[in-house]
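Could you put the whole structure together from the sequences, leaning on the hints where they help?
2 protein chains.
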Amino acid sequence: MKPVRVGICGLGTVGGGTFNVLTRNADDIARRAGRPIVIEQVAFRSFNPECDITGIKTTSDVFELATNPDIDVLVELIGGYDVARELVLTAIENGKHVVTANKALIAVHGNEIFKAAHEKGVIVAFEAAVAGGIPVIKSLREGLGANRIEWVAGIINGTGNYILTHMREEGRAFEDVLAEAQALGYAEADPTFDVEGIDAAHKLTILASIAYGVPLQFDKAYTEGISRITAEDVEQADNLGYIIKHLGISKRTEAGLELRVHPTLIPKERLLASVYGVKNAIAIMGDAVGPTLYYGAGAGAEPTASAVVADLLDVARDITTDHHYRVPYLAFSGIGEQESDLPIMPMEDIVSAYYLRLLAVDRPGVLARVATILSEQGISIEALIQKEAKEGELVPIILLTHCTREKQMNEAMRLIESLADIAGPVTRIRVESLDEQE
Amino acid sequence: MKPVRVGICGLGTVGGGTFNVLTRNADDIARRAGRPIVIEQVAFRSFNPECDITGIKTTSDVFELATNPDIDVLVELIGGYDVARELVLTAIENGKHVVTANKALIAVHGNEIFKAAHEKGVIVAFEAAVAGGIPVIKSLREGLGANRIEWVAGIINGTGNYILTHMREEGRAFEDVLAEAQALGYAEADPTFDVEGIDAAHKLTILASIAYGVPLQFDKAYTEGISRITAEDVEQADNLGYIIKHLGISKRTEAGLELRVHPTLIPKERLLASVYGVKNAIAIMGDAVGPTLYYGAGAGAEPTASAVVADLLDVARDITTDHHYRVPYLAFSGIGEQESDLPIMPMEDIVSAYYLRLLAVDRPGVLARVATILSEQGISIEALIQKEAKEGELVPIILLTHCTREKQMNEAMRLIESLADIAGPVTRIRVESLDEQE
Numbered sequence: 001m002k003p004v005r006v007g008i009c010g011l012g013t014v015g016g017g018t019f020n021v022l023t024r025n026a027d028d029i030a031r032r033a034g035r036p037i038v039i040e041q042v043a044f045r046s047f048n049p050e051c052d053i054t055g056i057k058t059t060s061d062v063f064e065l066a067t068n069p070d071i072d073v074l075v076e077l078i079g080g081y082d083v084a085r086e087l088v089l090t091a092i093e094n095g096k097h098v099v100t101a102n103k104a105l106i107a108v109h110g111n112e113i114f115k116a117a118h119e120k121g122v123i124v125a126f127e128a129a130v131a132g133g134i135p136v137i138k139s140l141r142e143g144l145g146a147n148r149i150e151w152v153a154g155i156i157n158g159t160g161n162y163i164l165t166h167m168r169e170e171g172r173a174f175e176d177v178l179a180e181a182q183a184l185g186y187a188e189a190d191p192t193f194d195v196e197g198i199d200a201a202h203k204l205t206i207l208a209s210i211a212y213g214v215p216l217q218f219d220k221a222y223t224e225g226i227s228r229i230t231a232e233d234v235e236q237a238d239n240l241g242y243i244i245k246h247l248g249i250s251k252r253t254e255a256g257l258e259l260r261v262h263p264t265l266i267p268k269e270r271l272l273a274s275v276y277g278v279k280n281a282i283a284i285m286g287d288a289v290g291p292t293l294y295y296g297a298g299a300g301a302e303p304t305a306s307a308v309v310a311d312l313l314d315v316a317r318d319i320t321t322d323h324h325y326r327v328p329y330l331a332f333s334g335i336g337e338q339e340s341d342l343p344i345m346p347m348e349d350i351v352s353a354y355y356l357r358l359l360a361v362d363r364p365g366v367l368a369r370v371a372t373i374l375s376e377q378g379i380s381i382e383a384l385i386q387k388e389a390k391e392g393e394l395v396p397i398i399l400l401t402h403c404t405r406e407k408q409m410n411e412a413m414r415l416i417e418s419l420a421d422i423a424g425p426v427t428r429i430r431v432e433s434l435d436e437q438e
Numbered sequence: 001m002k003p004v005r006v007g008i009c010g011l012g013t014v015g016g017g018t019f020n021v022l023t024r025n026a027d028d029i030a031r032r033a034g035r036p037i038v039i040e041q042v043a044f045r046s047f048n049p050e051c052d053i054t055g056i057k058t059t060s061d062v063f064e065l066a067t068n069p070d071i072d073v074l075v076e077l078i079g080g081y082d083v084a085r086e087l088v089l090t091a092i093e094n095g096k097h098v099v100t101a102n103k104a105l106i107a108v109h110g111n112e113i114f115k116a117a118h119e120k121g122v123i124v125a126f127e128a129a130v131a132g133g134i135p136v137i138k139s140l141r142e143g144l145g146a147n148r149i150e151w152v153a154g155i156i157n158g159t160g161n162y163i164l165t166h167m168r169e170e171g172r173a174f175e176d177v178l179a180e181a182q183a184l185g186y187a188e189a190d191p192t193f194d195v196e197g198i199d200a201a202h203k204l205t206i207l208a209s210i211a212y213g214v215p216l217q218f219d220k221a222y223t224e225g226i227s228r229i230t231a232e233d234v235e236q237a238d239n240l241g242y243i244i245k246h247l248g249i250s251k252r253t254e255a256g257l258e259l260r261v262h263p264t265l266i267p268k269e270r271l272l273a274s275v276y277g278v279k280n281a282i283a284i285m286g287d288a289v290g291p292t293l294y295y296g297a298g299a300g301a302e303p304t305a306s307a308v309v310a311d312l313l314d315v316a317r318d319i320t321t322d323h324h325y326r327v328p329y330l331a332f333s334g335i336g337e338q339e340s341d342l343p344i345m346p347m348e349d350i351v352s353a354y355y356l357r358l359l360a361v362d363r364p365g366v367l368a369r370v371a372t373i374l375s376e377q378g379i380s381i382e383a384l385i386q387k388e389a390k391e392g393e394l395v396p397i398i399l400l401t402h403c404t405r406e407k408q409m410n411e412a413m414r415l416i417e418s419l420a421d422i423a424g425p426v427t428r429i430r431v432e433s434l435d436e437q438e
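Protein sequences appear in the order of chains A and B. So in the numbering used here, spot 403 of the first sequence is number 403, and the numbers just go up one at a time. So in the numbering used here, spot 111 of the second sequence is number 111, and the numbers just go up one at a time.
Just so you know, these hints were derived from the structure itself, not from any lab. It should be emphasised that the depicted structure is a prediction, and the values quoted were computed from it without experimental measurement. Even for Gly, the Cβ is constructed at its ideal location relative to N, Cα and C. Check before you lean on any hint, since a few could be wrong.
In silico PhoX-like links for lysine-lysine, alpha-carbon gap of 25 Å or less [what the hints assert, rightly or not]: (1) A:K220 with A:K115; (2) A:K268 with B:K268; (3) A:K268 with A:K115; (4) B:K115 with B:K220; (5) B:K2 with B:K120; (6) B:K120 with A:K2; (7) A:K2 with A:K120; (8) B:K115 with A:K120; (9) B:K57 with B:K2.
Derived Cβ-Cβ restraints for the label pairs, each shown as a range [claimed, not checked]: (10) A:N94 with B:P346: 52 to 62 Å; (11) B:G121 with A:N94: 31 to 41 Å; (12) A:E175 with B:D322: 13 to 23 Å; (13) B:Q437 with A:G12: 50 to 60 Å; (14) A:T192 with B:E112: 35 to 45 Å; (15) B:L342 with A:I385: 14 to 24 Å; (16) A:T59 with B:E254: 40 to 50 Å; (17) B:A26 with A:D435: 25 to 35 Å.
And the structure:
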């Protein structure tokens, strides 16, 4: 059988992993694909000593691969936006299939890329862009294809989960654990992408489009990081039976789609609550299947390579298939005219329960004033913890509310913060049930 | 686009669910498949009042569907061995693709069925045969296709997990919870298939073949049920930091493949330990991806239908694909000549840690005699609990051993049981680490 010839752009962590997995498991991969998958050329700027590239054609110019007539599939593992976009569009223009692990590229430029690929009749596969080695794109797009998807919620950033895990297990502060994670290489020198939820929002944007058949709309995702979570919040959540996780959540509602990344209290008994360290997991609710969950490594050289090579296997099988019968990029066929027009809801229209932490001056009547404000906004209280006051100190008040519209909560918080008895801003963390035992 | 025409055989729980999901989500399914999937004919003996079959052609003879020239895909949901086998082979003989949820059929007659299907160039899809709605066949066969699979371990029988969950949570006896499960419809009047592990062994056999590319060998699976687990064992396991789950386990070792279903102590912190009630979950370890886990409903009308319809989507997409490039039935191409010849190991060659519970006469030296026997078989003890003796009663001794070969353990148990101080048979439950955090 004619082999599928691959060009790998980038030989860093994921590129090196992909090179090594393709080489090490070549025989089994050929038996699975029905034909060999061979590395035709590799483009890289700095050599990866973990790869034995003896006999492989190399270059420092990734665009050489995009035009090389001996390459069937370009594997984009250079990361970033602009060069990656140009590289992928050039490869498509030259009739090549594309496999990428680049979540930022797909979330931001995916609509343009898929349009170009559709016109050329080529595959663009991106399993590795979400949750590393977990085959969640395949599961959602094919395995749950019978379902109307109701919601998706996931731990899709390993760095954030590592930090929250250690804050909880060791009662430590955010900054402290972040510094440790940076020292260990689990967090970047500039951790913004991870801890502020941008990376998770990229992945959630992709998952939501596949779940509901809507265009990619990263700019409409609500993004809130974990940098303001304190050891006190982690402990109070624990006392109330919850664990704080940084989740990407997308729900289908009557009014449209929710698309939001933020710290979230979830009940301790959820499987998502037991996902520790850098691991990822995604819970998906379908109307037929009910709740399902997918767990594994969300990053790392070989876990991500596992997803890249799985995409290559799909390309190898579908390379001769009529383009119309291939799995659509965003799960539903008909680019443009057949996409769902469900709008992404503004954050103030979402409905959630809330955890609030206030610091109050220890004077009679504070609680009554807070309760009155909540009541006037139609928000009912599920639980309340008021710690004993120490002489001259502010008293923390912890509240759990029932579900309410975010708009009402924003207004209530504004009013509470304007009270003379309340010191500083109110800490607000959303609470989700996400019942996967249903 | 030309629709794919489906004939559904059986309109019971899963047949009815499949009918309803295909009907309810028809528009979305067509957008996903690239063409409509229409129900051409339904065969059933007793009508399912949950289905609106207005305008659908019906028959009481399933074989009519196997020869109906207007049907492209036969969906076998009648269950059982003999008629199902004949039905599926007849459909294949008539050039039809087949989708089935029948684990017993695939585990026992799969090799014959795949051979016939391969010769005819038709698809036989069976996602629903393992773990209901969880897309674990697709994940293992395609999503993890880059990997050399190291082990698979799963809770793949909901009835057994329901019983063990309630035994643990309520400290109740096996018979007691079983009777309740039967009253609630979670267990059959004859529960043998579920509680003795036969159903789980069918599913494990299928998973192992897909994981390692070996022929289906149900007759070589070791099967041990949960009917001898006592409330005492559940409690002692808990004290030691473990939970007892009924697992299907298949590992790749130097000597061959392990293929075994039995009650198993697993550490409490494993995700598998937090899978409650009738839910299923499968952990899979790959050399590149590391540990992954898949969770969801393992049975039920619509969860199982979700998997059946996902298979129909695959058939709809691949119906015009050259058979050679379709995903191979058992993951690896080349029926016959290219299968792996890794042998299934006899149970006495497997290596495991063990939990032992003995009842001893309260006399000095019993423990020394037991320890000596274990030591002479090369078995070392990890933990030991000896309960305080009550006047005139037998003393329970609980032991956890380090890993040893099952053969040595069998011999040690024989010698221990022959001691005059030991009453009755030794209870032995295997202990597995199955680390999914690695």
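Against the structure, the hints come out as follows:
no., hint, result
1, A:K220 with A:K115, "20 Å, holds"
2, A:K268 with B:K268, "14 Å, holds"
3, A:K268 with A:K115, "43 Å, violated"
4, B:K115 with B:K220, "20 Å, holds"
5, B:K2 with B:K120, "22 Å, holds"
6, B:K120 with A:K2, "23 Å, holds"
7, A:K2 with A:K120, "22 Å, holds"
8, B:K115 with A:K120, "37 Å, violated"
9, B:K57 with B:K2, "19 Å, holds"
10, A:N94 with B:P346: 52 to 62 Å, "56 Å, holds"
11, B:G121 with A:N94: 31 to 41 Å, "33 Å, holds"
12, A:E175 with B:D322: 13 to 23 Å, "58 Å, violated"
13, B:Q437 with A:G12: 50 to 60 Å, "25 Å, violated"
14, A:T192 with B:E112: 35 to 45 Å, "59 Å, violated"
15, B:L342 with A:I385: 14 to 24 Å, "58 Å, violated"
16, A:T59 with B:E254: 40 to 50 Å, "41 Å, holds"
17, B:A26 with A:D435: 25 to 35 Å, "28 Å, holds"
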